[in-house]
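K.L.:
Sequence:
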Amino acid sequence: MNKTNFCVCFLIILLLFSSTGCTRDKVIDEIIVISDMGFDLEDGKILGSATYPSLFIPGHKGPDVVHGIASTNTGILTSFNNQSASPMEVGQTRIIVINERLAQKGIGDLITTLKRDPIIGSNTYLVISKDRADQILAVSVDKTPFYLSNLIKQNEENNNTPPTNLHSVFYQYYGTGQDVYIPFIKINKHKIVELDGLAIFKQDKMKMKVSQKDSIFFKLLKSKKKNGNFEFPYSASSEKRILDIRMVKGKTKFTISDQTSKQPKVNVTLRLSCFIKDAPEDIDLSDPKRMKSIQNQIEKRVSKKTKDLIISLQSKNTDPFGFGDLFRGRDRNWNEKQFYRIYPDIKFKVNVHVNLLQSGVGK
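The sequence shown runs -23 to -1, 1 to 340 under mature numbering (1 follows the signal peptide of the UniProt record, and there is no 0).
Worth flagging that the hints you see were computed from the coordinates, not collected in a lab.
Cβ atoms here follow ideal geometry from the backbone N, Cα and C, with glycine treated the same way.
Possibly wrong hints are sitting among the right ones.
[As the list claims (entries may be wrong)] Per label pair, the in silico range of CB-to-CB distance: (1) N58 / A115: 38 to 44 Å; (2) Q69 / K182: 27 to 33 Å; (3) D86 / Q236: 33 to 39 Å; (4) N328 / T121: 40 to 46 Å; (5) E19 / N127: 25 to 31 Å; (6) N244 / I219: 27 to 33 Å.
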């Protein structure tokens, strides 16, 4: 047998073995694939909800919703299957919605359950909801497929939500010197699900909420991708005018001094490039002095808002920015309990440098 024929035979044998060696294959029209899940507290038990596309289920059109109640997180899937003629699978779940009441009580058991399940993808989103999780799913069920997960993804890429997924939550929860943050959503007055800031945790319990307006300043400190929008109150003469500012890119640098003292200091340096998306017509953006004035006021505004955000997190002894991990990397004798005793007393100084790009609006 020549070399070419041998290679062909070897490939055929390899394909035969690979086609018969997988025992986890399942036919799509024989299972129900859960796309979104939700968890609520009800009478001391966990109420689970799930949406799934029913395109392959005879007699059904579009997505459907199932509910189950159990004392454990894993018992929810059993409850789902008790109501289903086909096995329900969570391998393609894109988003898990957790009601605020449950988040305040603690999500440690849920995180542990998710970590133990290798089927659930690490790119799955966790979100906290002001409204009941089953109501969130009910509102979104008639939207486009994967509406909720696409809502989070779009705001991460283009707006003010810092990056997050199940993998990052695991890293924050099980790591040292940092705390978990998770996007917060609500149903607005128009019955549409929208982003409403960030839920901040200490260990497994939600301790505070960062408003949607302040989430851009959180993203500037936390994310490598520093894009987003905020409305800026510009003081022109004796009145304030509102400018719409778009962040494009930037860098963040943290510098520690007096680390071993009882009151360490952290200098935060933000270098940002941004442009003015919109401004009143009577503000002349072609005037260099005017642009310099706007730049200076943006720097002061961003500096104040980011420092206020850090102080509010310190007051709750929560550390989603991972300053503890930053200190740990510079001290081999670092101790987590000792650090968080002094964490509320750390002095932060924020320096912001803005490069104001050509805006293309105004006179």
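K.L.:
Each hint should be assessed against the structure and marked as holding or not.
P.N.:
Hint check:
Here the CB-CB span from N58 to A115 is close to 21 Å, at odds with the stated 38 to 44 Å. One distance hint, 27 to 33 Å for the beta-carbon pair Q69 and K182, holds here, with the actual separation near 29 Å. About 36 Å separates the C-beta atoms of D86 and Q236, a value consistent with the hinted range of 33 to 39 Å. Range check, N328 to T121: Cβ separation about 43 Å, and the 40 to 46 Å hint holds.
At about 28 Å, the beta-carbon gap between E19 and N127 stays in the expected band of 25 to 31 Å. N244 and I219 have their C-beta atoms about 31 Å apart, which keeps the hinted 27 to 33 Å range intact.
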